[in-house]
Structure formats: C-alpha cells, structure tokens
Amino acid sequence: MKLTIDNFEQESKSGKPKNKNWIKVGLSTCGIAAGADVVFETIQKAVKENKLDVSVFRTGCAGKCYAEPLVEVKAEGVARVVYGGVDKDTAEKIVQKHVMAKQLIDDHIYSIIKEEDNGEA
Amino acid sequence: MAKAYINNVQVEFEPGKTILEVAEQVQVKIPTLCKHEDLPATAACGICVVKVEGSKKMLRACCTALEDGMKIITHDPELVEIRRTIIELILSNHPNDCLTCGRNNDCELQTIAADFGIRQESFNKITRKLPKDSSTKTIELEPSKCIGCGRCIEVCQNVQNVWALSFLERGINTRMAPAGDIKLSESPCIRCGQCSAHCPTGAIFEFDQTREVWRELLNPDTYCVVQIAPSVRVAIGEGFGYPPGTNLTKKIYAALRRLGFNTVFDTNFSADVTIMEEASEFVERFVNKKGVLPLITTCCPAWVDFMEKFHSEMIEHFSSAKSPQEIMSTLCKTYYAKENNIDPAKMRVISIMPCTAKKYEITRTEEMFASGYQGTDCVLTTREIIRMIKQAGIDFNSLTDEEPDHLMGDYSGAGTIFGATGGVMEAALRTAHHLITKEKLSKVEFENVRGLKGVKETSVSVNGIEVKIAVAHGIGNVEYVLNKIKKAKENDDPLPYHFVEVMACPGGCVGGGGQPYGVTDEIRAIRAKGLYEDDANCEARCSHDNPFIKKLYKDFLDAPLSEKAHHLLHTKYVPRPEYKK
Amino acid sequence: MGKLKKIILVKDTANNKETVRFAELFNSALRDRALDEQAQVVRAADINIYNQGVVVRIMPSDITYVNVNEKDIDMIIRKSIKNNDIVKEILAKPEDKQIRIVLRNCGNVDPENIEDYLAADGYLGLKKVLELDDRDKVIEEIKKSGLRGRGGGGFPTWMKWNFAKEQDNETKFIICNADEGDPGAYMDRSVLEGDPHTVVEGMIIAGFAIGAKKGYFYIRAEYPLAILRVNLALSQAREKGLLGQNILGTDFSFELEIRLGAGAFVCGEETALIASIEGKRGCPVPRPPYPSVIGLWGKPTVINNVETLSSVAPIICKGGDWLAKIGTEKSKGTKVFALTGKIANSSLIEVPMGITFREIVYDIGGGVPDNKNIKAVQTGGPSGGVIPEKFFDTPIDYENLQNLGSIMGSGGMIVMDEDDCMVDIAKFYLKFCVDESCGKCAPCRIGGKQMLDLLTEISEGKGTQEHIEKLKTISHTMQKASLCGLGQTAPNPVMSTLKYFENEYIDHIEHKKCTAGKCESLYEYKVIEEKCRRCGLCKRNCPVDAIVGDKDEGYKIIQEKCIKCGKCYEVCKFEAISRGNN
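Protein chains in written order, with my numbering: chain A, 1 to 121; chain B, 1 to 581; chain C, 1 to 582.
Everything labelled a hint here was simulated from the structure, so no lab data went into it.
One should not assume that every hint holds.
[As the list claims (entries may be wrong)] In the SDA-like style, the derived pairs of lysine to any residue whose C-alpha atoms are separated by at most 25 angstroms in a straight line are:
| no. | chain 1 | residue 1 | chain 2 | residue 2 |
| --- | --- | --- | --- | --- |
| 1 | B | K125 | C | G461 |
| 2 | C | K280 | B | V80 |
| 3 | C | K165 | B | E53 |
| 4 | C | K470 | B | T127 |
| 5 | C | K17 | A | D87 |
| 6 | C | K472 | B | G54 |
| 7 | C | K17 | A | D106 |
| 8 | C | K71 | C | D96 |
| 9 | C | K472 | B | Q157 |
| 10 | C | K5 | A | E9 |
| 11 | A | K114 | C | N51 |
| 12 | C | K128 | A | N21 |
| 13 | A | K114 | C | D96 |
| 14 | C | K128 | A | E9 |
| 15 | B | K57 | C | N503 |
| 16 | B | K71 | C | P288 |
| 17 | A | K20 | C | E466 |
| 18 | C | K462 | B | K57 |
| 19 | B | K51 | C | P289 |
| 20 | B | K17 | C | I294 |
| 21 | A | K97 | C | N27 |
| 22 | B | K17 | C | P288 |
| 23 | A | K13 | C | S61 |
| 24 | C | K470 | B | Q120 |
| 25 | C | K93 | A | D106 |
| 26 | C | K512 | C | R534 |
| 27 | A | K114 | C | L232 |
Remember, predicted model here, so these are calculated numbers, not experimental data.
Produce the entire structure from the sequences given, and follow the hints as far as they go.
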C-alpha cells in the first residue's frame, strides 16, 4: 500500500508484526568477513529444527568491529544480550542455552541491554 | 565594467574575464605552460598561480574570473619561488634532450626555463621511456616529452570533435595517447595536426620528411617539381623574423630554386583549376539539377577523412574535384611532362603545405595515381621547409624576388584566398556566377564569407536566385551545419544551404596544423589579411580569367568536367571505419 | 522484569586473567548463601570499561562496580543481590560517550526491510517536510542545526543547499558521495549497509529543499553489499510511494539512481565525481564555478556525503536546535569515526563534536594493546596529519584539527604506537596519494612522486638535511598550486610528522636508525651469541662477506659491510640472528 501524508501515521508502522522473541545477526560486510553468514544460517536452522517461535533477522554493523560477528538476542524470561565473537558453536549455544534454557553464555557477552532504555527493535 | 587592482594598478574590466586576461590589459604577463588562447583553461600546470590580497589561498589566473574589487598580486618572491619549483618539477619529468628535439629554440618549456634562469636540476630524474608513434606518417607522438598540459586533447576533443587523443593511466604514469592505447593510425585521428600546432613542447610533431626531399634533390636522375600552397606564403616569414601575414611568395620561389628544385609551381594555379571543376559541378547540380545539393567542398583532406569516418552518408554531397595539391601533381605528371618532354617516371612532385593531413592525402585513394604515377611524391609542412631553407644556408630575408615557372605558376586572386576560411567559397562563387550569368561581377569580394566566426551562413543572389551558403571551419563547428542539412532532408524541408565550405583547421589553412607555432586568432586574421591583399593585387581575380587556366583547358583538358578532366582531376570517397584494427 | 534472575557480569579489565577466578568466587559465594537460584554469574567478553581492575555489573539493576577486590564480593552480594542496595565505595557511573544519530539504526534495524525503518520513525522527516511544503524552512532548519559537510571539508550544508536552491534552473541534481576511499575508513559503507533508508530519506529531503527531481548515489563498486542494499531500499521506497512520482501523494516527484565508482580515490572530489558520472575521465576541474551553480551536466548540483545526508532526517524530526545543542561552538552534532590501528577495540564510533582524543582512545577504544606506548593518532586519512599524544586533550572539531595540522576528513582515526615509524607512516599515506593522483596537474603529479622518492631515500638511510629542505619546498608548492584537494593536502602527512616527530627524521638521516624498527633498510643484523651454534650457514650465505669468524671464535657481522639483505636472518636455523634496532 502506498503511503501518503494522510495515512502515514496509521500505515507507516503497521507493516511488521512484532515477535516477542528475536535474534539479530549483524550482517554487514564486516560481520560477514568475520563469519556472520555462517552464524546466521546456523541460528536459522537451529530455530527451525527446534520449532521455536523466534524471529531471526539480519541487521547492519553495530560498530563493534573488534567483536564481530555480533548477535543480539531477546527471549522471554532472560535478559536481552549482545553476544560477540560468535562462531558456529556459540551460535548453537545461543539457541539451545540462551533461548531454550534461559542461561547466559560465558565469555561472549558484550553487553546486556536494560530493557526500559530500549524499545522494540 | 568592473574594477579591480592588479599589482596595485587599477584596471577596469569586463566581468567574466579571467585574471590572466585582465592582467594583460595592464601589461602584466602571468606565465603559464598549459593555457592557450584558443582553448579553455585546462588548469594543468599550476604556474599561473596568483595571490589575492588578504587570502592565504592562491588562485589559478588562467581559469579564475576576476571579481569586482579584487586585489591581485601576480608576482612576489613566494609566487616566483613556487613557479620555479613547478618548472623544476616539470623538468625533472622531462627528457630535457633539447639539442636533439624538434622544438629546440621554439619550445615553450625551454623558454620558461630560460626566463626563470634554471641553472640546475634540483630533483631526481623521473622519466619514462615511451615509444614514439609514427604510425600515421603525418603526425608523430613522442609521449615522453609530454608535460601533460592537455592542450592537444582539448583541441582534439572539443575543437575538432575527433576524440582521437586522450590521457591514459594516472598519477606520474599519466600519458597522452590515442584513446584506447592503440596506434594513432588505428584511431579516428584525421591528421589535422592541430595537436602538434598547440603542443608547447616536442611531444607532438609533424612527421619530418626533409631528409627524403634532400635525397630527391641530390638525385641527378630525378626531376623535382615543387608547389607551394596558398597559405604558406603568408606564414613562412614567421620563421625568418617577418611579422605574420607578410606575403613572401616571390622570395619563396627564389628560395626553392636555390634549394635545387627544377621547376617551381604554385598551388594557387591548381586552386584555380579546382574552382573551374567545382564551380562547374555546382552549376550542374544547382542549375541543371544533376546531383544532390548542397554541394560540399573537399579541398581539405582532414575534413574528407572526418566525413568518411563519421558522416559517410553525406558522400553524395561531396564535390568530386580533387584538392589543388592533387590536381597540381596530376597535371605535372601529365600535362607539364608532356609539354616539356619530361619522363613522368623520373619526375618528383614535392608540395609545401600548411598541413599535416596533406601527407596523408597523397595516397588516399587510387585516384591519387590517375596520372599513372603517384601524383604527389612528398609533402613538407611550412615548418619543415623553413628548416630546409635554414639548412641550405639561404639568407632568406635578403633574397631577391623571383617569378614562378610557367604553365602552372601563374594564379588568379581566387586561387590565393583558398588559404583562408571562406576563400574556397568566395572563389567558387566568383566563377559560378560567371558560369551561370556569363557576366562579369561588378564586385568580386564576398565579404560575408570572410572572417573567423565558426559558422558563417549567408546567401548571394545569382540571376535573381538565392544561393544559400554555409562556411564552417574547425571540425567542431561542422556538426551544426550537417545537422541542419540532415534535419531538412529528413523532414523534406527546403534546403538550408546550396553550397557548403568546410576546412578542418580553425581559420582555414592559415591556421593549419603544419604552420609556424604560436597561432592565435589574431595571427590567423593577419595571415588571412595577407592573402586577401594578395588577391586584391592580382590582375585576374577570378579563376576563369587566368590566361593559363584557359590555355590548360584549350590545350589539354577540353573543358571542365570533360571526360579527361574527370579521369585526371576527380576522385571518389568511401566510408571508412572510425577505428582500424 | 522482576521474574528474571539477577545477573552478575564479571570482567577483569586490566589484564583479563582474573575474570575466571572472580566468576568462580562469585559463584561459590552465591552457593554458600544459597542464592544461586536468584542470580547467575557470567563472564563478560567486554564491559566497556577499561583498566579499572575487575569490573562487576549487576543486571537488571545496572549497577557497576570497578576495581573489585576479593573482599568486596561478600558486600556486593549482600547489598546488591540480596537487596537492591549499592556498595558506594566501589560504585562507578559508566557513561556512554557515544551519541548515535547517524548510526542510530545501524545494528538495530533490518537494512533489507523498509518496515523496520518505518517502525523506527523512518521517513517521518520526509513526511514533515512535505507537509510543511516550504523549501526555505527546510534549509532554515538545517542552518539552525549547524550541520557541516562530513566528507572532510566541513562546508556548511545549508549554504550548499541554499546556493543550489537559489539557482533558477528547471533541472537540478543531488548526489550522494559514497566514494569512500580513505585507507582505514568505512563509515559510509556501514551506514549504507546498515541503514540505507536513512540516506535515501536524506537525499529526498535535500532534493525537495533545492528543487531537484533527480538524484544519484555515487557508490564505489568495491561495496557490493552496500549497492545491493541501496538498490533494495530504493525499490522498497518506490513501492511505498516514498520515491518516484507524487511522493506521499503530494506534487513532489523525485527519482534516485545508482552510479558506480570504479575505485579512483580522486573521484571523491566533487568535480571529478561529476566528471565520472558524466562518463568522462575522473579528473577535477577548477572551482569556481562550484557544482551548486554549475554541476552535473551543467546543472546546479548538491553533493553531500553519506554521513551528512544521514543526519538530515533526525534534524528535521527533532529540530535544528536539538542538533545544535550537541558539539562545540563551530562544529555541531556528532561525527562518526572508524577507530582502528593500535587500539584494543577497533570500532565504528559516533561521538559528539568536542570529545577529546583521550576519551576516544581510552574510554571507548580501550587503549593501546600489549602495554605499548601510544605515539599519535592520525585523522583525515591521506589528507590529514598525525596528532601526538601531548594534544590528546584537545576537543575534536574542524578548527582544532586544522590548527593541529590535520583535518577532520571523512572519519578515519588510526592509532599509532611505539612500533610505528613516522617516516614510514608519512611514506604510506603519501604513496597512497601518489598512486591515486589523477595526473592532471603538475604540482601533484610530479611533486607527489618526488616527495615520495625523497621519503624513500630517507627511510633507506640515504637522506640528508637537503632532503628535508626539498620536502618542505615541494610541499609548499603542492599545497598552494595543486588544482584540487587531493594534491593540496597530500603533503599533510609528511608535514605533520615532520612537525611533531622531526627527531625521527633526524634519526633516519643522521644516525641511520629507525627507532620503531619499521624501515627495513635500517635494520641492524647481529649474531646472538647465546643462540648461535656456530654452524657457519650465515657466513656461507652472506653475499657481501660481511660475516666473519669461525667455529671456534663464533661469528660476527661487520655492520659497515652489511647491506641489510636479510639473507643470514632467513637461513639461520636457530634464530640466532637478530634484526631491528641496536
């Protein structure tokens, strides 16, 4: 549907249904160079295999070049966390341990996001 | 008018003029190696930098418009030092083989280095051996001598609209070359030589054939005939300290005899022949409706080459008459050889031309061999003949006047003005008018076709019928004329013109690519003026009034456009690829 | 969030050896107090605080303790885990020194999905502009914001727009300069890849403001992902009626197209960029006339950099005054830097103008790794200069950087430490410019190469004082007489290193020494006696017989004879040849 000045307020934010659970993978050139494409596929596959109600999507570079690939996870019942230096193994852990077991993963946390500061993605 | 100060001198100027131009109004010459009066500034050399009072930045005088109230400083120790450094940098990137360079003593880089008193090479030598390109046998590229001013490219692309030359690579490796890094002979180059005429150094040069000519002159078995083109007579003097435009026809005849030529003819005579043929052709098309209009002149080989490459669909409009050079050479090896019992196989015709493309023309098509031999054997540009005269130790300035040889040395005023833009048209009109009306013109001058305006559109009335005319010079100006013709043809509109003259070089042959260096519009105009004065001083002003022309037709050719004339004096045109493999 | 377990995030920010031990200590302390069901201990990889010993952060209450000792553990658990109290003595208030305006969506939105951008108030700025329907007010807002060109020059954006707006011409263009080419800079790529719609929106607004109907993205071909995402963004925007005919149902129509740059650095210069789009050789032409007056195909053209355009929509949404509150007096808003080099956290940062180098290097970048000494920071890429440590407290803005002999540039910020040789650095940047010079004007074409040759000789120990003088002379000429910014600024890296680190040049020239050990020709090769097994291989391989000795006496390298070819170093099987300084 084409947006107009009149329907903008109503229509501009109606496009995307929100999922409470999501995983974002930083998929810019920098991330991809560090292996984010593998991470992205791994997470997608794991979410599918476990039939989880989690949206997996790509995002751009968050600026932490030293910590690529970056994965941000928001899952109900556990803090919202940005993981860095994620490899295939950690990617699997993110799904199994973080999303499913509600456990944080050592040595990969780059920040824990205070929810009230941040709205939905 | 706006006001500004240059070195504290107040100057009034037309807004839009550059600092460089306005400085000249107050007798300040800002040095530059890249700016040429004919061309927009390329801003390549950086030598013309000046200061504006109150600003740290320096401006390029060549391309910065002077603004109202500006206070410009053109010379101070810092500016001189910067200019010197740039010159030294350029010298570090230049072979500096002045003594063996074609531009020795006539080089802008050499002059500026001398003016700045450069006494040592401060910087390491950074030069590259780059191969010469002599593939066209008309113009020689020597890119290792290029200082990257960009004039040749500017003139090739934007004045001549040919786009044969370009810069390749970048940084220190930047070099001038045919676009696509092919040989010049494979490029769309039309050999007009304007690149060489604008080059400040020896990077582009005419293909020197003086030694070939010396060999012919020394050979006891050959009979050497020489012809000089109309525009050579008013430009050659610049090589001997005469002001531009000085008509030195008779000194040239004398010099050529001293050089050892057996017979001295004048291309002005064959220009008269060209007019007899071309004017007749025009009358055929215009009055007798045989063939298409407009008729377009073809004396200029660079233009012919351009048309064959880019506008071959216009071939039917082209006059089939050969150029004066080729007519002269053909007649030498037929008419003159026969009349004087000379074996044409042993005859060598050398022509002195203002033009590099003439070197190409002599083997252009098989018609150039219509006499049974190659018509013209060798072409020398004005610049080459000046060198030969100097080599021969001839004190040109002190020579006494001599006359040309007969049969093909005497010319009408119509022949001599061929060397200026509009001249061919004017000459043709004089004769066409006579052919149509059988009357004598009360006033032979057609002033509307003279002058340096890029395209001159006018009309003349012949027997009450309007003949519409266009004269274009500088290939870049041709597009406008051709488009008008093509559009009219497409839409079946009345023809915009009946008769069109084109010369490839700005100003016509007086501004030819083989003429002495340093040409500007001012010099083009003065050279043309010299030709118009020569015309005015001629007894016969029209080609058909030249008694030797009458004799030629009576004794040899029968009549213009006769079968014999067609065989010997006309040519054909073929579409040619822009790029050759 | 009350249902969530508390989290104890542990990280040793000093040397990282204690992270594991402290995590264990916390774990056992929790177990001892049977609190392990209420809280979870996790080892952080990074906690954005540096050199403050062990840092502990309690989430979700977001309490941060620094320089935590073993004895603090008990108190922390008692106060902050059992209760919601704090341990004042070790409490820190970490502040985020970054302000993300340009990068506000990068890493948050899905760049391939316009709905994400719309959800983040995307195209709200465009809507406001079209609602307002007043070009002057748009430009006024940009003027109020104080936004200056982020591509390097820092020219006020509103003035560029206004010049173009004032031109009475049916056809005008807006160009987004995404020909990012400075070594070590990747701000534009990140924005185009991470949030392409921001730039698209900025361009449409700019197009409206100047009265253009058409715009071009000039993106370097080496950015395939950026090109893909911008293309996607364009088609999505078209579908939504945000681009093309009658945008948002108004009379305003605007189209955008991508043009690829073929990788010539100089094509980032406005006039060369225009020539490149026109299909000509990418060479600069003299200015004036400026592109705002006579630009692409002779029409008024505004060329803005990616970062500049990304700031436009937020300014429109939040007002010019909002941006003007951030930054210094003459430099407003934020600047994105690509922080790289000898820095712990190479990152893409967005900081307010006026921040100091020290804050960037230590508080954001985490300092220099491996306990090396920092030497300088380089900004402005090949057009910039080095800023030595003594100026690290200077607030960063356009003017200050210029006064220090560098420039803001497009945002490369490279940290250099004791292992970086300043002659070598100058050579690196100059070589870049020499390679990238278009070759049009003599001062840059030849001057650059001459300077590079002089620097090379210095780095090879063949320099003299005269070399320095010549460098200065050519540099002055290039700065004053080069046609475009590339040539005018190419000497900056040389001049600024010469200004601040002349001693290093002197070392190379007088003492034939490269303290940083970077200049290979100045390496000194020596036999390490303790390691030498006296096999004689080095002596046999030395091409100039510079190695003397025998099995009994051992071997020695005669420095005067040594040509620094490195052969002995290569062939020695026992690592008994040292190379470097002294």
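Going down the list of hints, with the structure as the test:
For the hint pairing K125/B with G461/C, the CA-to-CA distance comes to about 20 angstroms; that is within 25 angstroms, so the pair holds. Restraint check for K280/C and V80/B: the C-alpha separation of about 34 angstroms exceeds 25 angstroms, so the hint is violated. At roughly 31 angstroms between alpha-carbon atoms, K165/C and E53/B are farther apart than 25 angstroms, so this suggested pair is violated. Using a Cα cut-off of 25 angstroms, the hinted pair K470/C and T127/B holds, with the two alpha carbons roughly 19 angstroms apart.
As the CA atoms of K17/C and D87/A are separated by approximately 23 angstroms, the hinted pair is consistent with the 25 angstroms bound. Distance check on the hinted pair: K472/C and G54/B sit about 23 angstroms apart at the alpha-carbon level, within 25 angstroms; holds. Distance hint between K17/C and D106/A is fulfilled; the C-alpha atoms sit about 15 angstroms from each other, no more than 25 angstroms. Distance hint between K71/C and D96/C is unfulfilled; the C-alpha atoms sit about 29 angstroms from each other, more than 25 angstroms.
A C-alpha spacing of about 38 angstroms is found between K472/C and Q157/B, which places the hinted pair above 25 angstroms, so the restraint is violated. The straight-line distance between the Cα atoms of K5/C and E9/A is roughly 38 angstroms, outside the 25 angstroms bound, and the hint therefore fails. A threshold of 25 angstroms between alpha carbons decides the hint, and for K114/A with N51/C the separation of about 24 angstroms falls inside it, so the pair holds. Pair hint K128/C plus N21/A does not hold up; C-alpha atoms about 33 angstroms apart against a cutoff of 25 angstroms.
For the suggested pair K114/A and D96/C, the alpha carbons sit about 13 angstroms apart, so the restraint of at most 25 angstroms is met. Restraint check: the Cα-Cα separation between K128/C and E9/A comes to about 11 angstroms, which is no more than 25 angstroms; the hinted pair holds. Of the pairs offered as hints, the one joining K57/B and N503/C is violated, with about 30 angstroms between alpha carbons and a cut-off of 25 angstroms exceeded. With a CA separation close to 18 angstroms, the supplied pair K71/B and P288/C stays within the 25 angstroms bound.
As the CA atoms of K20/A and E466/C are separated by approximately 70 angstroms, the hinted pair breaks the 25 angstroms bound. For the hint pairing K462/C with K57/B, the CA-to-CA distance comes to about 34 angstroms; that exceeds 25 angstroms, so the pair is violated. Only pairs whose Cα atoms come within 25 angstroms are accepted, and K51/B paired with P289/C is accepted, the gap being roughly 18 angstroms. Taking the CA atoms of K17/B and I294/C, the gap is about 17 angstroms. The hint holds against a cut of 25 angstroms.
Proposed proximity of K97/A and N27/C is supported: the alpha carbons are some 19 angstroms apart, at most 25 angstroms. Distance hint between K17/B and P288/C is fulfilled; the C-alpha atoms sit about 13 angstroms from each other, no more than 25 angstroms. Of the supplied pair hints, the one linking K13/A and S61/C is violated, its CA atoms being roughly 31 angstroms apart against a limit of 25 angstroms. For the proposed pair K470/C and Q120/B, the alpha carbon gap of about 14 angstroms is at most 25 angstroms, so the pair holds.
Taking the CA atoms of K93/C and D106/A, the gap is near 24 angstroms; set against the 25 angstroms cutoff, the hint holds. Between K512/C and R534/C the alpha-carbon distance is near 29 angstroms, which puts this suggested pair outside the 25 angstroms criterion. At roughly 33 angstroms between alpha-carbon atoms, K114/A and L232/C are farther apart than 25 angstroms, so this suggested pair is violated.
Comparing the model with each earlier hint shows violations of hints 2, 3, 8, 9, 10, 12, 15, 17, 18, 23, 26, 27; every other hint is respected.
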